[in-house]
Amino acid sequence: MTNNLDVAGLQRRLAEFAAARDWQPYHTPKNLVAALSVEAAELLEIFQWLTPEQAERVMDDPESAHRVADEVADVLAYLLQFCEVLGVDPLAALAAKIDRNEVRFPARRRSGGSADGGEGGDADGDRHSSE
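In terms of the numbering used here, the sequence shown opens at residue 373 and continues consecutively.
Everything labelled a hint here was simulated from the structure, so no lab data went into it.
There could be a bad hint or two in this list.
[Said to hold, decoys possible] Restraint ranges, calculated between C-beta atoms of paired labels, are given here: (1) A464 to W421: 35 to 43 angstroms; (2) D433 to L463: 17 to 25 angstroms; (3) V475 to E435: 36 to 44 angstroms; (4) G459 to D394: 29 to 37 angstroms; (5) V475 to A391: 37 to 45 angstroms; (6) Q396 to R481: 28 to 36 angstroms; (7) L448 to N473: 36 to 44 angstroms; (8) L458 to R481: 22 to 30 angstroms.
[What the hints assert, rightly or not] No farther apart than 25 angstroms at their CA atoms in a straight line, the calculated lysine to any residue pairs in the SDA-like style are these: (9) K402 to D442; (10) K469 to S409; (11) K469 to A445; (12) K469 to A390; (13) K402 to W421; (14) K469 to C455; (15) K402 to V430; (16) K402 to E474.
Don't be surprised by glycine CBs; every beta carbon is placed ideally from N, CA and C.
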């Protein structure tokens, strides 16, 4: 079932699923982004009290792995529906963001630390490339 999957095909399936249940009136940008936030929080909840080591092994437990996969699916479903409603191409948006981040956060050689003497990130301490 995972062969030949594409974003547009998944968005079409999600739209058909919602249409068959007359859910379109509820699929507003505000409602979809709120649902996306809730589902992301449910994914976070799985990891909330785990140590970093436990978090790295979460997929080793079949029950936890299933929960993670379900929440990832929920997050992605709401993100794809949100993008569809607003006309955002998620792959193009991601590619453009990576391009901007490559300029904003140029790669540099690491030899035990960053230019600011810290343990990574840029000189102003910002290590989050998705911002």
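Here is how each hint holds up against the structure:
Restraint check, A464 to W421: a C-beta distance of roughly 37 angstroms satisfies the suggested window 35 to 43 angstroms. The given range of 17 to 25 angstroms is broken by D433 and L463, whose C-beta atoms sit roughly 32 angstroms from each other. Distance hint check for V475 and E435: the Cβ-Cβ separation is about 43 angstroms, which falls inside the suggested range of 36 to 44 angstroms. Between G459 and D394, the C-beta spacing of about 22 angstroms breaks the proposed range 29 to 37 angstroms.
Hint check: V475 to A391, Cβ distance near 41 angstroms, so the stated range 37 to 45 angstroms holds. Range check, Q396 to R481: Cβ separation about 52 angstroms, and the 28 to 36 angstroms hint is violated. At about 21 angstroms, the CB distance of L448 to N473 disagrees with the hint of 36 to 44 angstroms. Taking the beta carbon of each, L458 and R481 are about 40 angstroms apart, not inside 22 to 30 angstroms as hinted.
Distance check on the hinted pair: K402 and D442 sit about 22 angstroms apart at the alpha-carbon level, within 25 angstroms; holds. A threshold of 25 angstroms between alpha carbons decides the hint, and for K469 with S409 the separation of about 20 angstroms falls inside it, so the pair holds. Distance hint between K469 and A445 is fulfilled; the C-alpha atoms sit about 22 angstroms from each other, no more than 25 angstroms. Distance restraint check for K469 and A390: the Cα-Cα separation of roughly 29 angstroms exceeds the 25 angstroms cut-off, and the hinted pair is therefore not satisfied.
Distance check on the hinted pair: K402 and W421 sit about 30 angstroms apart at the alpha-carbon level, beyond 25 angstroms; violated. At roughly 15 angstroms between alpha-carbon atoms, K469 and C455 fall within 25 angstroms of each other, so this suggested pair holds. A hinted pair counts as satisfied when its Cα atoms are at most 25 angstroms apart, and K402 with V430 does not qualify at roughly 32 angstroms. Restraint check for K402 and E474: not satisfied, since their Cα atoms lie roughly 31 angstroms apart, outside the 25 angstroms limit.
Checked against the numbered hints given earlier, the structure breaks hints 2, 4, 6, 7, 8, 12, 13, 15, 16 and satisfies all the rest.
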